[in-house]
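Q: Since chain U is already given, all that's left is putting chain A on it; use the hints.
Chains as they are written, first to last, in this note's numbering: chain U, 1 to 126; chain A, 1001 to 1484.
Be a bit skeptical, because a hint or two may be false.
Said to hold, decoys possible - Dumping the calculated SDA-like pairs for lysine to any residue here, alpha-carbon to alpha-carbon at most 20 angstroms:
| id | chain 1 | residue 1 | chain 2 | residue 2 |
| --- | --- | --- | --- | --- |
| 1 | A | Lys1468 | U | Arg120 |
| 2 | U | Lys64 | A | His1400 |
| 3 | A | Lys1314 | A | Arg1048 |
| 4 | U | Lys64 | A | Glu1199 |
| 5 | A | Lys1380 | U | Glu123 |
| 6 | A | Lys1192 | U | Glu55 |
| 7 | U | Lys11 | A | Leu1408 |
| 8 | A | Lys1468 | U | Asp38 |
| 9 | U | Lys64 | A | His1411 |
| 10 | U | Lys102 | A | His1400 |
| 11 | U | Lys64 | A | Lys1314 |
| 12 | A | Lys1468 | U | Val63 |
| 13 | A | Lys1380 | U | Tyr122 |
| 14 | U | Lys64 | A | Asp1122 |
| 15 | A | Lys1380 | U | Lys17 |
| 16 | U | Lys64 | A | Cys1375 |
| 17 | A | Lys1468 | U | Glu89 |
| 18 | U | Lys64 | A | Leu1408 |
| 19 | U | Lys64 | A | Thr1165 |
| 20 | A | Lys1468 | U | Ala65 |
| 21 | A | Lys1380 | U | Glu83 |
| 22 | A | Lys1468 | U | Ala87 |
| 23 | U | Lys11 | A | His1411 |
| 24 | A | Lys1468 | U | Glu83 |
| 25 | U | Lys64 | A | Arg1467 |
| 26 | A | Lys1380 | U | Asp38 |
| 27 | U | Lys17 | U | Arg90 |
| 28 | A | Lys1468 | U | Glu123 |
| 29 | U | Lys64 | A | Lys1192 |
| 30 | A | Lys1468 | U | Val66 |
To be verified - Beyond 12 angstroms from chain A on every Cβ pair, some chain U residues (computed):
| id | residue |
| --- | --- |
| 31 | Asn2 |
| 32 | Thr5 |
| 33 | Asp6 |
| 34 | Leu19 |
| 35 | Lys22 |
| 36 | Pro45 |
| 37 | Glu61 |
| 38 | Glu79 |
| 39 | Asn81 |
| 40 | Gly97 |
Think of the hints as simulated: they come from the structure by calculation, not from any bench.
Keep in mind it's a predicted model, so treat the numbers as computed, not measured.
A virtual CB, placed ideally from N, CA and C, is assigned to each residue, including glycine.
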Amino acid sequence: MNHPTDLYYSKSHEWVKFLDEKTALIGLTDYAQDALGDLVFVNLPEAGDEVTAGEAFSDVESVKAVSDVFSPVSGVVAEVNEELLDAPERMNEDPYGAWLIKVENITEKEELMEADAYIRFYESEE
Amino acid sequence: MKLIFERGMEGQRCTILPDCDVPEICLDVPGRGLPLRLPHVSENEISRHYTELAGQVHGVNNGFYPLGSCTMKYNPKVNEEAAALPGFTDIHPLQPEDTVQGCMKVLDAAKQMLLEITGMDDMTMQPAAGAHGEFTGLLLIKAYHDSRGDKKRTKIIVPDSAHGTNPASAAMAGFEVVNIPSGEDGCVDLEKLREAAGEDTAGLMLTNPNTVGLFDKNILAITSIVHEAGGLAYYDGANLNAVMGIARPGDMGFDVMHINLHKTFSTPHGGGGPGSGPVGCKAFLKEFLPGLQPAKSEAGYTFTAPRRSVGRVKMFYGNFLVVVKALTYLLVLGREGVRDASRNAVLNANYMMRKLQDIYPMAYPETCMHEFVMCLENMKHDADVTAMDVAKALLDYGIHPPTMYFPLIVHEALMVEPTETESRETLDEAIRAFREIYDCAKKDALRLHEAPVHAYIRRPDEVQAARKPVLRYFFPDAVRNPAQ
Chain U
1 MNHPTDLYYS
11 KSHEWVKFLD
21 EKTALIGLTD
31 YAQDALGDLV
41 FVNLPEAGDE
51 VTAGEAFSDV
61 ESVKAVSDVF
71 SPVSGVVAEV
81 NEELLDAPER
91 MNEDPYGAWL
101 IKVENITEKE
111 ELMEADAYIR
121 FYESEE
Chain A
1001 MKLIFERGME
1011 GQRCTILPDC
1021 DVPEICLDVP
1031 GRGLPLRLPH
1041 VSENEISRHY
1051 TELAGQVHGV
1061 NNGFYPLGSC
1071 TMKYNPKVNE
1081 EAAALPGFTD
1091 IHPLQPEDTV
1101 QGCMKVLDAA
1111 KQMLLEITGM
1121 DDMTMQPAAG
1131 AHGEFTGLLL
1141 IKAYHDSRGD
1151 KKRTKIIVPD
1161 SAHGTNPASA
1171 AMAGFEVVNI
1181 PSGEDGCVDL
1191 EKLREAAGED
1201 TAGLMLTNPN
1211 TVGLFDKNIL
1221 AITSIVHEAG
1231 GLAYYDGANL
1241 NAVMGIARPG
1251 DMGFDVMHIN
1261 LHKTFSTPHG
1271 GGGPGSGPVG
1281 CKAFLKEFLP
1291 GLQPAKSEAG
1301 YTFTAPRRSV
1311 GRVKMFYGNF
1321 LVVVKALTYL
1331 LVLGREGVRD
1341 ASRNAVLNAN
1351 YMMRKLQDIY
1361 PMAYPETCMH
1371 EFVMCLENMK
1381 HDADVTAMDV
1391 AKALLDYGIH
1401 PPTMYFPLIV
1411 HEALMVEPTE
1421 TESRETLDEA
1431 IRAFREIYDC
1441 AKKDALRLHE
1451 APVHAYIRRP
1461 DEVQAARKPV
1471 LRYFFPDAVR
1481 NPAQ
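Chain U extracted, bound-state conformation:
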């Protein structure tokens, strides 16, 4: 399983890529997409919506179940990756390319982990 070292990770299995201090891309980790299985549907917010650290901003559906996706940061949605609406399988194929939303004006963030710590975290959860 692949977990790039230039990203930060949340306990609810999202990755965060900071583009600058106040802007970041958010997606599902390789571990999350593997555990969820083949994704067949995604609900995304709209640009301009506010997201809050620790609260759900999206849900993804696999053939097993629907799961919430939580935001690791508080801020405003600058952009959503609309490609995923028609091709949710991108989150399985390329979890770190398939960002869900871009958040700007970040005011707050959860306690995030680096790749090593994240791997230790989910291994201890198993």
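A: Positioned in the frame of chain U, the structure of chain A alone reads:
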């Protein structure tokens, strides 16, 4: 198999329908460019078509159906016989009350028995199914708070092991859903509940026994935490089959609940419905009940509307014939029989669980109620055989798979609910099947990846079906123009 449109030919017809005795008129439907393509088939062909369709499905009449949380018990044929009596079928909902006194008595008699089983004070038969009942019950909760001018109660607390319908119904009824995590033991975490309950709490939704098949021993504490916060407690009757005649939601502190007649009281479901989801409530909520209630007086039954009713949630009196079937079931079982049904449902579940627990780890190994949940994470890890593979392999044994991947708090879950209507022989056969599948997983996992090999439909591509569903039939000679 052929579709009905691919059978028969122009000019074929059947004699089953009587001659038309009213003038035929042509409906001028705007936008319709072509005449409707209705199938032209003989009675013989129709009969074969449906027989072939029936051969593709698995029902309780075909074999064991341990679909957890769904209570797929056998539906006695005497229920059907009662529901087919002309006095029940040849009536109209707008008939004068004095001509349908018997039917009104059925509604009232069924209600009285269900009130006794649930410990509620009043009930509506209107809701058509479980989730519809949840929605109706939540409307009662809302109406109650509104009637007191208590407008700040906007949240419904739902544990993370709940049926998906609970949060969905709460959202439909306009509430915000607060999810609370279950404790290590699979039951409600009292501390988390205390943290979540407050002056914005409209209510809590709970099943007991819960979705992992355990009776929550803290149930009285749970309902009183909710009550102390000013909220109401809603009982999801999905798992009532474990406790009927033994423990009553009304005594556990619940204020409002639904019953699935189509689960617990042996009326058909799972494609064979319709369902029925009566909603019961304590006396202080009865004035909000929907629809018309049969009330008994010296002159007989009359329909009356509750004073501050939330309004109708379905036409007329609900799925009346389903109530006839449920009443028949109750009358056949009698007071002791109802209790025995629950006892045997619990006994059957524990029997299967104990006979399988040495090879299939149980998510919660203590004595279960009417169902149990196994966790196949080790099997997935060691043999690359998933809960899905085991479920598919069971099809080759003529067994309907258990509920898969639910509840969400258990990974690689299979949830087994044998019900009380299966014999020990059937349970033993199923246990043998589970054990053979386990052996196969150790020796030949590949074979399980290919299962089922004997079922009518082998392994549909669920991912492709979800991503690119084909929902429309095109006649071979049709022009593929979506505008038509």
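Q: Each hint should be assessed against the structure and marked as holding or not.
A: Hints, one by one, checked against the model:
{"no.": "1", "hint": "A:Lys1468 to U:Arg120", "verdict": "violated, 37 angstroms"}
{"no.": "2", "hint": "U:Lys64 to A:His1400", "verdict": "holds, 18 angstroms"}
{"no.": "3", "hint": "A:Lys1314 to A:Arg1048", "verdict": "violated, 36 angstroms"}
{"no.": "4", "hint": "U:Lys64 to A:Glu1199", "verdict": "violated, 36 angstroms"}
{"no.": "5", "hint": "A:Lys1380 to U:Glu123", "verdict": "holds, 16 angstroms"}
{"no.": "6", "hint": "A:Lys1192 to U:Glu55", "verdict": "holds, 17 angstroms"}
{"no.": "7", "hint": "U:Lys11 to A:Leu1408", "verdict": "holds, 17 angstroms"}
{"no.": "8", "hint": "A:Lys1468 to U:Asp38", "verdict": "holds, 13 angstroms"}
{"no.": "9", "hint": "U:Lys64 to A:His1411", "verdict": "holds, 11 angstroms"}
{"no.": "10", "hint": "U:Lys102 to A:His1400", "verdict": "violated, 45 angstroms"}
{"no.": "11", "hint": "U:Lys64 to A:Lys1314", "verdict": "violated, 32 angstroms"}
{"no.": "12", "hint": "A:Lys1468 to U:Val63", "verdict": "holds, 13 angstroms"}
{"no.": "13", "hint": "A:Lys1380 to U:Tyr122", "verdict": "holds, 17 angstroms"}
{"no.": "14", "hint": "U:Lys64 to A:Asp1122", "verdict": "violated, 38 angstroms"}
{"no.": "15", "hint": "A:Lys1380 to U:Lys17", "verdict": "violated, 32 angstroms"}
{"no.": "16", "hint": "U:Lys64 to A:Cys1375", "verdict": "holds, 15 angstroms"}
{"no.": "17", "hint": "A:Lys1468 to U:Glu89", "verdict": "holds, 12 angstroms"}
{"no.": "18", "hint": "U:Lys64 to A:Leu1408", "verdict": "holds, 9 angstroms"}
{"no.": "19", "hint": "U:Lys64 to A:Thr1165", "verdict": "holds, 16 angstroms"}
{"no.": "20", "hint": "A:Lys1468 to U:Ala65", "verdict": "holds, 18 angstroms"}
{"no.": "21", "hint": "A:Lys1380 to U:Glu83", "verdict": "violated, 32 angstroms"}
{"no.": "22", "hint": "A:Lys1468 to U:Ala87", "verdict": "holds, 10 angstroms"}
{"no.": "23", "hint": "U:Lys11 to A:His1411", "verdict": "holds, 17 angstroms"}
{"no.": "24", "hint": "A:Lys1468 to U:Glu83", "verdict": "holds, 16 angstroms"}
{"no.": "25", "hint": "U:Lys64 to A:Arg1467", "verdict": "holds, 14 angstroms"}
{"no.": "26", "hint": "A:Lys1380 to U:Asp38", "verdict": "holds, 16 angstroms"}
{"no.": "27", "hint": "U:Lys17 to U:Arg90", "verdict": "holds, 18 angstroms"}
{"no.": "28", "hint": "A:Lys1468 to U:Glu123", "verdict": "violated, 35 angstroms"}
{"no.": "29", "hint": "U:Lys64 to A:Lys1192", "verdict": "violated, 27 angstroms"}
{"no.": "30", "hint": "A:Lys1468 to U:Val66", "verdict": "holds, 18 angstroms"}
{"no.": "31", "hint": "Asn2", "verdict": "holds, 20 angstroms"}
{"no.": "32", "hint": "Thr5", "verdict": "holds, 26 angstroms"}
{"no.": "33", "hint": "Asp6", "verdict": "holds, 30 angstroms"}
{"no.": "34", "hint": "Leu19", "verdict": "holds, 31 angstroms"}
{"no.": "35", "hint": "Lys22", "verdict": "holds, 29 angstroms"}
{"no.": "36", "hint": "Pro45", "verdict": "holds, 17 angstroms"}
{"no.": "37", "hint": "Glu61", "verdict": "violated, 8 angstroms"}
{"no.": "38", "hint": "Glu79", "verdict": "holds, 24 angstroms"}
{"no.": "39", "hint": "Asn81", "verdict": "holds, 17 angstroms"}
{"no.": "40", "hint": "Gly97", "verdict": "holds, 19 angstroms"}
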